[in-house]
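Sequence lines, in order, name chains A and B. If you read the first sequence in the numbering used here, its first letter stands for residue 54, the second for the next number, and so on. If you read the second sequence in the numbering used here, its first letter stands for residue 555, the second for the next number, and so on.
It cannot be assumed that every hint is accurate.
Stated by the list, open to error - For the chain A half of the interface with chain B, some residues (derived, Cβ under 10 Å), not all of them:
no. : residue
1   : 82
2   : 87
3   : 88
4   : 114
5   : 142
6   : 160
7   : 164
8   : 234
9   : 236
10  : 278
11  : 286
12  : 289
13  : 290
14  : 330
15  : 334
Note that these hints are calculated values from the structure, not bench results. Just so it is clear, the structure is predicted and the values come from calculations on it, not from any experiment. Where is the CB? At the ideal position from N, CA and C, for every residue including glycine.
Okay, here's what each chain looks like letter by letter:
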Amino acid sequence: MARLIQGIVVGLGNGAIYALLALAFVTIYKSTRVLNFALPALMVAGGVTVSYLAAGAGMGYVAAVGVAVVSTALLAVVLEWCFVRPMRGAPVFIVAIITLGIDIVLRVVVNRFIGATARQVGDPWGIDAVMVLGTPVQERYLWFPLIALVIVVALLAFFTYTRAGLAMRATSFDQEAAQAQGISVRMVFTLSWAIAGALVAVAGALIGTGSGINQTTWVAALKALPAIILGGLESIGGAIIGGLVVGLVEALVGTYQADYAPWLGNNFAVVSPYVIMLLVLLVRPYGLFGTPDIERV
Amino acid sequence: MAMSLTRGRPLMRTSYAQDMGLLNTRGKRAGVGVILVLAVLLPFLATDGLLVVFATGLAACIGAIGLNLVTGYAGQVSLGHAFFLGIGAYTAAVISGDPEGRTLGLGISLLPVWLLGAGVVAAAVGLVVSPLAVRLRGLYLAVVTIGLVFLGEHIFKEWDTVTGGPGVGRPSARPRLFGFDLAADGAMLTREQKLYLLMLVLVVVFAIAARNIARSDVGRAFAAIRDRDVAAAVVGVNLTRHKAIAFTVSSFYAGCAGALVYTVTGFVEPGSFSLLLSVQYVAMILIGGVATISGSIMGALFVSSLNTASRELAAGLPFIGAVTGGGALNVFQLEGILYGLLIIGFLIFEPRGLYGIWLRARTYWTSWPFTY
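Okay, chain A solo, but in the shape it has when bound (with noise of 0.2 Å):
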């Protein structure tokens, strides 16, 4: 009982990372139809300029992730207007390539910044612990979900009651239409990819609690695709939905797998997410909650 609560607790506050990362890929899928292969490199961006600032600097955690939210969208937007901008009207497939190798070039070099050891970010939780149900689970797996909720209502408040929000949904709906009404579809996408910054860079600042950041954090930002596939590459809902299933089984598999299932290898937590998510696709092409194409011809 003790491990399925622990479990649980675990699987919800890393599938409120992962729901962060999988809103990331989504809010630039929706506007753009890429995806950011780059954001895993900015996740670990964010993550650093928390580390190096907190613990580093000594500034507060929280005025250190402000910082580091607005430094990660600002280097996202230099991205976009560098490197993605000049490819628009290229086929999506080239445009998702092109950000692998911004993602492969900016990993070097925050590498540099990270070390051969792993960098802790400051965070206020270290390792307490705190009793739920009987049952002592780390704080910190608590304010995952918390954090990710504000983060959430804000964004949708964004989208649904400002005017750049309603010309972010105009363009993802059409970009021609909606281009035809006078929106700026360029500036649609920098504000994308400066949203997607700015939440991979809070992922980045809760992903670096606990073992810190090291040099392989930036698989985990890799976990948002699962998610995004199984709640749909277009639906916001299903993304959070999707980072929360694959947090719970990647944990309940890591709690239960090497009981029930010890063949399947040490460490099969890490990848049931993919096995999940092809499983669902095999079922259902486009996701749970995505809008399947329509052809017509």
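Chain A is fixed; fit chain B onto it per the hints.
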């Protein structure tokens, strides 16, 4: 008759077969001939160290050609090539491995046997995976193939009776042909010279086969699916069948390439089959030229030599440190940055890759003194 008609008018075609011919101009015949002669002479001129780079590059050519068939010709974006390369490398290693060794081995070290075995097993897995490609399109497929790479990496790391386990690895397939061990120094040729010549012969065979697939009805169906799958289906292309063929053939090539690349190094480590390897192969076809066989070869040789090139570059540049720390960047980091920048640069400035640069140079000289 046909020859006399086209003489002096190189672009004149009087039949479809001429247009589709493999070496249909005198320039191409001469060019390919010269390149082949130079390629055969190379092992007697270059150092053994350089030959290892070329042999690895040539083996990678086969994998790049395979990826180009599925991604370039048929338009099915696959980031899962590393998975199939790994299957090929381990199948070959198991078939030719020492039965008494630490890892599983059948002890059949005859080259054609393990090469075909590697290709067939990888192709079978590709066929099993292809239903996903039939149901999914575009970036969904790209993400799913990334998932394959992660699953494959996990299996390779955990199944240590076959792979030796992470950080340990196992000896790769050993090439023996007609009683000769190609991976040992002989009386006439060194190990590197023999491996290079072996790879050269195999690349020619695989490249011609791929070119023939591309110019047959199957190849035209691939191109139709890439350009617009709905339209292809309307004109009678069987989507399910041709996507399955594309994946299977591509996986066969990848399996053979995986088996061969690691014969050169003599060693396979399960950590090598990561997403980075897939990205390298995608880089090969993008840098070389999408949907061209000669481009795949140029791209594979180019990307495989990046490692050596960055090492040479590092020796020449004072601010690049050695492998262990020091300097503004080390060799591996320089190599990583070069990959990334080359991918970005080619896609933005020359989407047709090295093949496109060659086309522009050729057009410049054939139409000289006019600009086009």
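Hints, verified against the model:
no.: 1; hint: 82; in the structure: holds (8 Å)
no.: 2; hint: 87; in the structure: holds (8 Å)
no.: 3; hint: 88; in the structure: holds (5 Å)
no.: 4; hint: 114; in the structure: violated (30 Å)
no.: 5; hint: 142; in the structure: violated (12 Å)
no.: 6; hint: 160; in the structure: holds (7 Å)
no.: 7; hint: 164; in the structure: holds (7 Å)
no.: 8; hint: 234; in the structure: violated (27 Å)
no.: 9; hint: 236; in the structure: violated (24 Å)
no.: 10; hint: 278; in the structure: holds (5 Å)
no.: 11; hint: 286; in the structure: holds (7 Å)
no.: 12; hint: 289; in the structure: violated (17 Å)
no.: 13; hint: 290; in the structure: violated (18 Å)
no.: 14; hint: 330; in the structure: holds (5 Å)
no.: 15; hint: 334; in the structure: holds (6 Å)
Comparing the model with each earlier hint shows violations of hints 4, 5, 8, 9, 12 and 13; every other hint is respected.
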